[in-house]
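Q: The listed protein sequences derive, respectively, from chains A and B.
For the first sequence, the residue numbers in our numbering are 28 to 183.
For the second sequence, the residue numbers in our numbering are 5 to 309.
Because the hints were derived from the structure by calculation, they are not lab data.
Virtual Cβ for every residue (Gly too), placed ideally from N, Cα, C.
Take the hints with a grain of salt, since some may be wrong.
Looking from chain A toward chain B, a few residues come up when the C-beta cut is under 8 Å (computed) [unchecked claim]: (1) Thr45; (2) Phe79; (3) Asp90; (4) Leu98; (5) Asn117; (6) Asp150.
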Amino acid sequence: MVPFLVSFALVILTVVPTRLPGFAQISPSWPMLGIFYWSIYRPDLMPLGGAFLIGVLADIVADTPIGINALLFLLIRGIVVGQRRFFLTNAFPMAWAAFGVIALGSLGLNWLLFALVQGHAVDPQILLWQYVILMGLFPLVTVVMAYTQMVFLKDV
Amino acid sequence: MRIKALGATGRLTLVRALFHRFAFAFLVCAAFILMVLGKNEGVLIERTRAVVLDVLTPVFDVLSRPASAVSNSVNFVRDMTNLRTENERLKAENQRLTHWHTVASKLSNENTVLHQQLNFVPEPDPAFITARVIGDVASGFGQSLLLGAGARDGVRKGQAVVSGENLVGYISQVADHVSRLLLLTDINAHLPVIVDSTHTRAILSGDNRDMPRLDYLSGNANIQVGDVVVTSASGAAFPPGLTVGTISGVSDGVYRVSPAVTRDQLEYVAIVDYGLGGVQSFTDKPPPPPTRRGKGGDAKGVDPN
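Construct the complete structure from the given sequences, taking the supplied hints into account.
A: Structure below.
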């Protein structure tokens, strides 16, 4: 349950008001970081259904067209689990770079699906900022989740 | 033959693998089905959204409090450092305001006399609900706030949300205990407005950037940077004259409006029932006819989609 709960907490984190001028417009997709981490280290505890559910919750909370994040998180989980050996054998910077590629693809697909469902496209420039922040947060969130894994899932 | 050769464990693994592959395809299909259902704004999807938001409201409520505390302390430190300049600014402002106070009381007396002479029936003050901001949704895909008041408190879809005399946005989603305030910067927010100084009519459209744009400007506008933009009576959505923001600039022929209220200033907002239609989607049922204002008018709003 821990991976699911941590990812769920990240969904909630997307709507906690920071009241920091400027930051609000560009807050990143926190749960994506959770799905990515747990798919590498504990895919058994973050099954497809879990990723799907986190995605649906993220869509409901963020008021994005329902199903988009669900699909993206499913795909991320699928790709990461497929390439798990790569992530487990390579050093952190490589995982970071690989996350960069996956996150970019995910944002691109999100942009496309949003445009298809909503009928109008958003300015890619804002998404670029969102991407930069997401990449910056990656090491921080990874450390927090590694710590969570050590504390709660040491013996599991 | 090959399956037989796998043995019991092998067969089990095969079935498991097939199941996993099937589960992936099934869930991907489910995601697409949800997208299609959600696009049609089905009752079921809307109801599910409302129920989930209701269940999560206590969590949002608790988590938004430390955020307020942190923000208050940051403001406190900032205020302390700016004390001297702030004091000078306030002195100057006070001087200006004293002058305006004299003018206002003179005008108020004159207004009372004129009202009496005309037997003017004053409009009732609109009913309002004050709600706390408990969630802030901000991404390149949407700009909204979650408010800690819902249908049980009398919040209805389409109602205006103001802070002071400034329009912040309108209610786009209502659950029992929580509602969603669509900010004017959201890509789905569209609102009829007037540029006050030139009386130019336009539609204010958000695009998820900090400053919404002005579309469909009427006439040859001589709009200047700094001009005030207010709500218009068109569409019978909101009462005219609520401040929306000021013109911040023009690029490629598109005017941008700097909203009068920025989201990071908001802790409490007022959800106001002006007795008008509010901004409604065409797919929504029409609101009940206005009872408080005699003029009536059809309550058709602007399609936010």
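Q: For each hint, tell me whether it holds in the structure or not.
A: Consistency of the hints with the structure:
For Thr45/A, the shortest C-beta to C-beta distance to chain B is roughly 6 Å, which falls under 8 Å, so the interface hint holds. Taken as an interface hint, Phe79/A checks out: its beta carbon lies about 5 Å from the nearest beta carbon of chain B, inside 8 Å. Proximity of Asp90/A to chain B holds as hinted, the smallest CB-CB distance being about 5 Å (cut-off 8 Å). Taken as an interface hint, Leu98/A checks out: its beta carbon lies about 4 Å from the nearest beta carbon of chain B, inside 8 Å.
For Asn117/A, the interface hint is violated, since its Cβ never comes within 8 Å of a Cβ in chain B; the closest pair sits about 25 Å apart. A hinted interface residue such as Asp150/A counts as satisfied when its beta carbon comes closer than 8 Å to some beta carbon of chain B; here the least separation is about 6 Å, so the hint holds.
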